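Q: Residue-level listing of the chains:
4 protein chains.
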Amino acid sequence: MIIVVSPEATPEEIGHIVARIEETGRQAHLSEGTERRIIGVIGPDAPELQDMFESMAHVESVHRVTKPYKLVSREFRGGPSVIDIGRGVTVGGNELAVMAGPCSIEDEDHIVNTAIAVKAAGANILRGGAFKPRSSPYAFRGLGEEALRHLATARKVTGLPVITELMSIRDIDAVAEYADVIQIGARNMQNFILLDEVGKQRKPVMLKRGMSGQIEEWLLAAEYILAQGNPNVILCERGIRTFETAYRNTFDINAIPLVKELSHLPIIADPSHGTGKHQLVAPIAMAAVAAGADGLMIEVHPSPDHALSDGAQSLTHESFAGMMRSVAGIASAVGRSLSGVEASAAAR
Amino acid sequence: MIIVVSPEATPEEIGHIVARIEETGRQAHLSEGTERRIIGVIGPDAPELQDMFESMAHVESVHRVTKPYKLVSREFRGGPSVIDIGRGVTVGGNELAVMAGPCSIEDEDHIVNTAIAVKAAGANILRGGAFKPRSSPYAFRGLGEEALRHLATARKVTGLPVITELMSIRDIDAVAEYADVIQIGARNMQNFILLDEVGKQRKPVMLKRGMSGQIEEWLLAAEYILAQGNPNVILCERGIRTFETAYRNTFDINAIPLVKELSHLPIIADPSHGTGKHQLVAPIAMAAVAAGADGLMIEVHPSPDHALSDGAQSLTHESFAGMMRSVAGIASAVGRSLSGVEASAAAR
Amino acid sequence: MIIVVSPEATPEEIGHIVARIEETGRQAHLSEGTERRIIGVIGPDAPELQDMFESMAHVESVHRVTKPYKLVSREFRGGPSVIDIGRGVTVGGNELAVMAGPCSIEDEDHIVNTAIAVKAAGANILRGGAFKPRSSPYAFRGLGEEALRHLATARKVTGLPVITELMSIRDIDAVAEYADVIQIGARNMQNFILLDEVGKQRKPVMLKRGMSGQIEEWLLAAEYILAQGNPNVILCERGIRTFETAYRNTFDINAIPLVKELSHLPIIADPSHGTGKHQLVAPIAMAAVAAGADGLMIEVHPSPDHALSDGAQSLTHESFAGMMRSVAGIASAVGRSLSGVEASAAAR
Amino acid sequence: MIIVVSPEATPEEIGHIVARIEETGRQAHLSEGTERRIIGVIGPDAPELQDMFESMAHVESVHRVTKPYKLVSREFRGGPSVIDIGRGVTVGGNELAVMAGPCSIEDEDHIVNTAIAVKAAGANILRGGAFKPRSSPYAFRGLGEEALRHLATARKVTGLPVITELMSIRDIDAVAEYADVIQIGARNMQNFILLDEVGKQRKPVMLKRGMSGQIEEWLLAAEYILAQGNPNVILCERGIRTFETAYRNTFDINAIPLVKELSHLPIIADPSHGTGKHQLVAPIAMAAVAAGADGLMIEVHPSPDHALSDGAQSLTHESFAGMMRSVAGIASAVGRSLSGVEASAAAR
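Chains as they are written, first to last, in the working numbering: chain A, 100 to 447; chain B, 100 to 447; chain C, 100 to 447; chain D, 100 to 447.
Hints should not be assumed to be uniformly reliable.
No distinction is drawn between identical chains; accordingly, a pair holds when it is met within one copy or between any pair of copies.
SDA-like, lysine to any residue: derived pairs with alpha carbons at most 20 angstroms apart [as the list claims (entries may be wrong)]:
hint, residue 1, residue 2
1, 299, 268
2, 255, 127
3, 169, 105
4, 169, 108
5, 299, 270
6, 166, 104
7, 299, 269
8, 255, 170
9, 299, 424
10, 299, 235
11, 299, 238
12, 218, 206
13, 166, 107
14, 166, 153
15, 166, 106
16, 302, 248
17, 169, 194
18, 169, 145
19, 166, 136
20, 166, 125
Keep in mind that the hints were calculated from the coordinates and are not lab data.
These figures come from a predicted structure and were not determined experimentally.
Based on the sequences and whatever the hints tell you, model everything.
A: Encoded structure:
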């Protein structure tokens, strides 16, 4: 940590800062620049130190020089992690993970038929919401445990492992019983008690980035899970909130290569939420794979104009299958595979 | 709801949209403009309709014409709500509510002494964190229930009602037992299960705006609480996340008069989080009261450079007392009172 | 245009709104919904009408139903435009346009050698800054006209057409004399006098999106140029400003397919500015092409740690050549070509 | 400047960074922390250095320790500047500057009558647009020089000094001839050639903050003007662009006290653009004065529903007079004056 001292500080005032540093058990190393004096703080970093030092008189700014996360960092592990989610599917390896299915599970036939369709198109994981976070208390909030049972039926029929969202510690046992991967949604990226709890169990966890989550905060949220002992974390970029109103969210493509540089965890792209518009899903899915994403999460509904949630961003079975053929071409160009899908160039 | 149809749609295609509207039990009212055809949807609004209609072919855009919240709206109640939090203190009336105290409770002496100091300076509610949301899992996360007991001691000594944050349904009974007002933090603004649960009990709830929460989403989050039967909700503006890096958050002063126009709920300003810099707290507190805020929430610590959290934005006892004298002048200018504080013009 | 009237408006008050509409020469069409009354405004739209109507008592909101631009819209022209920039190069056709070169031109050898290197790697347009917008008045602001002459030399040597930025109407003759494409930078996206002037001449113009330019504003800025008679406009997405501080800008990948849906104009991606970090340039270039971009603009410098501007985001000659091989694979997967570059899969 | 080196760098690699620093004529000062090595760069800062060093291998991050502006900094001048704009009016002193008038000047009667009305209500400067930046090329763009002559007439009638916007170097002589203060609009905050030119003449300049202008960039833009020799610069906060869509812009109240801490230049608040909604103008004006603003800029129109621009955010003559009485109370509470206006408490 480096402390920049304002030019008018007297030696006594600097001495006060140095004393406060030494009181924390660290050493202070003063150096004189042309225009500013700088104090290097030698010793272990701690989250509260920056605020403490910034509160002191004559401190102009405080700069951290180390990353605040450790277990999720690339340098901690060396190479990328590959997460085994069971039923022969891994995330982070050469083969892309494609999670597809409806936003909300509406009934058993609905999820089973969608599962069959997305599997036929090349998806290797089934998604479906049982507990739905909704802005309005008057919106459909999911079928809850009943939906989890339908999801299990769809898994039995197709063999696809399943991912579903956990919104609260209240439902952790139910979700962990049925799901192969537990999803933590964007609104819960910093629900720290929930992160602790999914860190204490062993099912893989997919952690979505919050709407205004900085990359560093997102990696720290993942660190919560790893710090509790669960190393099986998958990240998911799903768009951030910006000034642009032409789409629901702005898909942050930069995050994909940067996260892979900073962390060993795999990263999935969700172009359905990342755009909010069905006609943008395929090009953004292709872009994400080109940028290095380890997989995709796609909302698919047999009849989007009857969907109880997220119809505007859902693909039909046919458009999903078309998207998969386009993605397969990109996957091949970047040396990744998408098993059982034949590539076709996107129509312009 | 109004649906704008693209110009190339044929009568058959428009008929399909109309049929879908009627299938939902609403009526369709077609009108022809100079350049676009428009379909008015007559009947009750529902959250999922917009997405359903947007997913249809030849629909260019869908416009909602009613507000999605009801119980929190100004028109539902007519005038402003005044929330009684007990011990003779109300929020939303003529007298300003001033909540002051440390970010985290560090020990009994710390909170008791701070309580005495902030009361002497004119605060009428004591704040103090027992459960702390922290970006890093390695940061101090609060003393938990032990801190709640210290808070109760400080209340006993000073007579001030207390507010503290609830982070999880796990701790709702403990927090509801000790607190006079339950705070829902910015990161939990859309933790819908937690909102449901604080809606089912009867202690007043202060709901902070999320870092990227739009006003409408914030009011819908409050609607969750009222919809469960608890009308005692206080809103708190605490700054939003923007591109500006010169402060931790950007205090959204516009939100104060707009919320008062849209809703009957009282609104409190938190300039400590809204700026993240102690030297900006007093001017922003004054601005918020000038714009119509019903009160303030201020972080105060006897020695900010020793605070275990949020030192950079905490006021000392002395600077808090100075701020209160400046705020008193503004309060008086807008016809509000701040009992027992003598006004003094701010130094320039 | 649709006007939503507040529920408490009396018939007289609504009559006043209707009279104001008719005074503007349009017709008013009143319809009654379940909760709100709505007035459709029938007749030509005009930019000032929305503000006028919003200022009236009892008007809750005003919704536009037509797009505010015409000449740049996809529906105006039907299909995509292909811009001929001379010397055998077009933008918007099947072959990708790749504009590469240094941020600033530093001397003749520098630009000539870079031109030779980027041409060898597959670039078909040379970029180089003569007039540089810089945040600080103390930074290097370009060599001006001298740099334009060096650029002409590099064109003569390599045969590559050249693009350079025009910052002010003061320099329009000089820039138009030397450049094959005139660049309007992000900070000038809404410099409307400059847009008028480049609209009055006939050299192709590349219009960068402003840091906080909404898609609609950007298309309206292009409309300024077309409205003056110059149809040869190329758009360039170069990243927007968001809350994320991990990169200089956030490349808005969603903009690429959306602009192609809304407009007939070609769109180029600038991953150098869109990320600000050299190690992210190649993956974002690949993503942009996968999403449908018509070309790329890339900063290349023989020795980025000696560059007088934008060193952090510049590629060396070698890394640019590597990027081109990776992009070629993506181009092929989406049915585009990159002449003379052999594809290689990106290293993971 | 401080360079943080990645932990795996070898002594040779660090030697390469040190050599590059010395090549620029600065000294390198290496220090070893617990987890990172740090190199202090001793010598004058320069804008391009950060980018150069960031482009080097094994450099993790580069931190500036000095502010990039000098002439505008508070420490350069010691205390606040008071700008004399003639006709007995100053900006930055004890008396608040209130600039009021229409967005666009529509004809002579319009501006003269508005001038008389705003003067009667307490305004001491007349604003009025002759050249208008408009998003759409089809919108009313102002009457140009004809409007400047009307403005001069209104000045003659009322004695009020006038402020009007300059959009381009093309019109600098005309605007400088008629205006007492030259306004540079938000879209031109970084139109550097225009900044140079208004720096070379001597009329006072009011520089609005850009929609996505960071405080530091805004102060650097002001530095451009001072660096050319014109010290008479007034800053104007007019709202920034954020994710919130409930208002046109988000007024950044934090900017007011922070700018006063960082710079000696006076700062004006524009709540008309800062909110875009007439009903929010008065509370935000009051807030801005409470936070320390040196004055206000307010759009006033006799009949906002007939205004050719910005009707939705314009006050009528009556509502402006009411706002002034409310502001007077706040001014008095902060020790500022608003001559000839009798304070009244705002209605709640």
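Q: Confirm or reject each hint.
A: Structure-based check of all given hints:
1. 299 <-> 268: both (12 angstroms within a copy, 18 angstroms between copies)
2. 255 <-> 127: neither (62 angstroms within a copy, 43 angstroms between copies)
3. 169 <-> 105: between (32 angstroms within a copy, 15 angstroms between copies)
4. 169 <-> 108: Cα proximity of residue 169 and residue 108: across copies only (19 angstroms, versus 35 angstroms in one copy).
5. 299 <-> 270: Both: 15 angstroms inside a copy, 18 angstroms across copies.
6. 166 <-> 104: Answer is between: at 13 angstroms across copies they meet the 20 angstroms cutoff, but 23 angstroms inside does not.
7. 299 <-> 269: both (15 angstroms within a copy, 16 angstroms between copies)
8. 255 <-> 170: Intra 35 angstroms, inter 44 angstroms, cutoff 20 angstroms: neither.
9. 299 <-> 424: Classified as neither: same-chain Cα gap 39 angstroms, cross-chain 45 angstroms, threshold 20 angstroms.
10. 299 <-> 235: This pair counts as between: shortest inter-copy Cα distance 17 angstroms, intra-copy 31 angstroms.
11. 299 <-> 238: So residue 299 and residue 238 pass the 20 angstroms test across copies only (19 angstroms; inside, 32 angstroms).
12. 218 <-> 206: within (18 angstroms within a copy, 57 angstroms between copies)
13. 166 <-> 107: between (31 angstroms within a copy, 15 angstroms between copies)
14. 166 <-> 153: Both: 18 angstroms inside a copy, 17 angstroms across copies.
15. 166 <-> 106: between (28 angstroms within a copy, 12 angstroms between copies)
16. 302 <-> 248: within (18 angstroms within a copy, 36 angstroms between copies)
17. 169 <-> 194: neither (27 angstroms within a copy, 45 angstroms between copies)
18. 169 <-> 145: Cα proximity of residue 169 and residue 145: one copy only (13 angstroms, versus 34 angstroms across).
19. 166 <-> 136: For residue 166 and residue 136, the Cα distance is within 20 angstroms only across copies (13 angstroms; inside one copy 24 angstroms).
20. 166 <-> 125: within (18 angstroms within a copy, 28 angstroms between copies)
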